[in-house]
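> Residues per chain, in single letters:
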Amino acid sequence: MSAYNFAFLDEHTKRMIRRAILKAVAVPGYQVPFGSREMPLSYGWGTGGVQVTASVIGPDDVLKVIDQGADDTTNAVSIRKFFERTTGVPTTTRTDQATLIQSRHRIPETPLRAGQILVLQVPIPEPLRWLEPREAETRKMHALEEYGVMHVRLYEDITRHGRVAQTYEYPVLVNGRYMMRPSPIPKFDNPKLDMSPALLLFGAGREKRIYAVPPHTRVKSLDFEDHPFEVEHWDRPCALCGVRGVFLDEIIVDDKGGRMFACSDTDHCARRRPGGAPGPDGA
Amino acid sequence: MNEEAERPLLSVRGLAKRYGAQVACLDVGFDLWPGEVLGVVGESGSGKTTLLDCLSGRVAADGGRVEYATASGEVVDIRRLDEPRRRRLLRTEWGVVHQNPRDGLRMGVTAGANVGERLMALGARHYGGIRGEALAWLAQVEIAGDRVDDLPETFSGGMQQRLQIARNLVTRPRLVLMDEPTGGLDVSVQARLLDLLRGLVADLGLSAIVVTHDLAVTRLLAHRLLVMRSGEVVESGLTDQVLDDPQHPYSQLLVSSVLHP
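Sequence lines, in order, name chains U and H.
If you're matching positions, the first sequence starts at 1 in the numbering used here and goes up one per residue.
If you're matching positions, the second sequence starts at 1 in the numbering used here and goes up one per residue.
With the rest of the complex left out, here is chain U:
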């Protein structure tokens, strides 16, 4: 551990990233460029999220790392170990006990509270990317609030599928101003962004952008008046803990077409089952 600075990054880099974060918090939903560093993991594995976490983590923090809702998958385990080694802070799998949560693809089912920080890993921060290829033009569109083309996409979905088929990275308007891509969380989690008491930070390492949703900020998922925004529903409870109204993963259990639906959030699921929560790394 002594071979590294606290949380791996040097203090100058942390200061630069903290400045970007402050700006992002001041202008909710605005993508702030920052000098993304090479990290000891490959792009697409959370380099942006790791840098944000490394810049805001302190010795008193309790860290939780989630990958696709689970605490025991490869990405979650290795990022948690990385921060255990480089900071020595305690880690947990319990959402309610963590002060800092880095996540990929999910917002925990347990409601976040004031004082917590959720860091989300973002592959592509630009919501207009597949509609407008020119970066100079998308920046101009953000500056001038020219977001009509986003609704063209929703219109197409309804025309072709009868409903908005976008199920993740569902575009949102933050604080009535900036269009934001809420990282690849399912649209099921979109309502949790709205008026969240916790600070939400988004880091994109390869694309070198940081953006934020400060606590108690309006976040509106785009929709049409006659096709209002809806989240996914399941007609069955979790096969493991029996809870309803949470995001379920479909798991194939044999080669005869057998499948079950279980909680995506492993911490939430485990604490509802007899025997209590498993320890870190699923032990």
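Hint data in this document are derived by calculation from the structure and do not stem from the laboratory.
Since the structure is predicted, the reported quantities are computational estimates derived from the model, not experimental observations.
Where hints are given, some of them may not hold.
Using 20 Å as the maximum straight-line C-alpha spacing, the simulated SDA-like pairs for lysine to any residue come out as follows [as the list claims (entries may be wrong)]:
(1) U/220 <-> U/105
(2) U/220 <-> H/121
(3) U/140 <-> H/90
(4) U/220 <-> H/123
(5) U/23 <-> U/140
(6) U/220 <-> H/122
We have chain U; now place chain H onto it with these hints.
Frame of chain U, contents of chain H only:
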């Protein structure tokens, strides 16, 4: 033409554009009155398209004034207008019909979305309403309603051009800039498109600037004509006057070059 109009819709003075040493537009000036269709003719490379691009602000002109009287009665210089307002004007009060429909259409989305895009950009948020409006405009440009959910790629060239026109007219612009609207279409399709354009211009009271190298198009569509050569306007006047009694040697050459079957 609207007799009550006291000032031109568009007033251009001394417009100039160079590409390095190459002169594209030199001291171009004209007035366009409400409800008027102005034809711009000349051979390839005479600066017609550059003129159009300078008017819409897509290309920054080197000098001159482009004064436009907005719907609210304000007179603005397009060249000095700040970018948000210029882009907004272009989306609401102006329309641009490109020579190649692929430049003016979103090829990856359906005809309905193409027509509805401007409405959504202006804040329309009712799917049924947008779709209804799109259907009405497709009918106006003689595209069958059952094609509303088809991609423009499945349309013929003439249909794509008509779709592009519908996409522009949906916000009821006051001024439409057209660059060779009939280019690349065969003659019978051209004739139908011209007929349609003439009807729309008359019904909606549109003002339009039509750039073309085809004198027959201007005869049918334009009230007045500018003849351009090497970036300069060499002759202007009423369409019939210029075509039947050309004064400038170049206009005479142009008119005498037309083949008559």
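> Confirm or reject each hint.
Status of each hint after checking the structure:
Of the supplied pair hints, the one linking residue 220 of chain U and residue 105 of chain U holds, its CA atoms being roughly 19 Å apart against a limit of 20 Å. Among the hinted pairs, residue 220 of chain U with residue 121 of chain H is consistent with the structure: their alpha-carbon atoms are about 17 Å apart, no more than 20 Å. Restraint check: the Cα-Cα separation between residue 140 of chain U and residue 90 of chain H comes to about 15 Å, which is no more than 20 Å; the hinted pair holds. At most 20 Å may separate the alpha-carbon atoms for a hinted pair to count; residue 220 of chain U and residue 123 of chain H meet this at roughly 15 Å.
With a CA separation close to 19 Å, the supplied pair residue 23 of chain U and residue 140 of chain U stays within the 20 Å bound. A hinted pair counts as satisfied when its Cα atoms are at most 20 Å apart, and residue 220 of chain U with residue 122 of chain H qualifies at roughly 18 Å.
Checked against the numbered hints above, the structure violates none of them.
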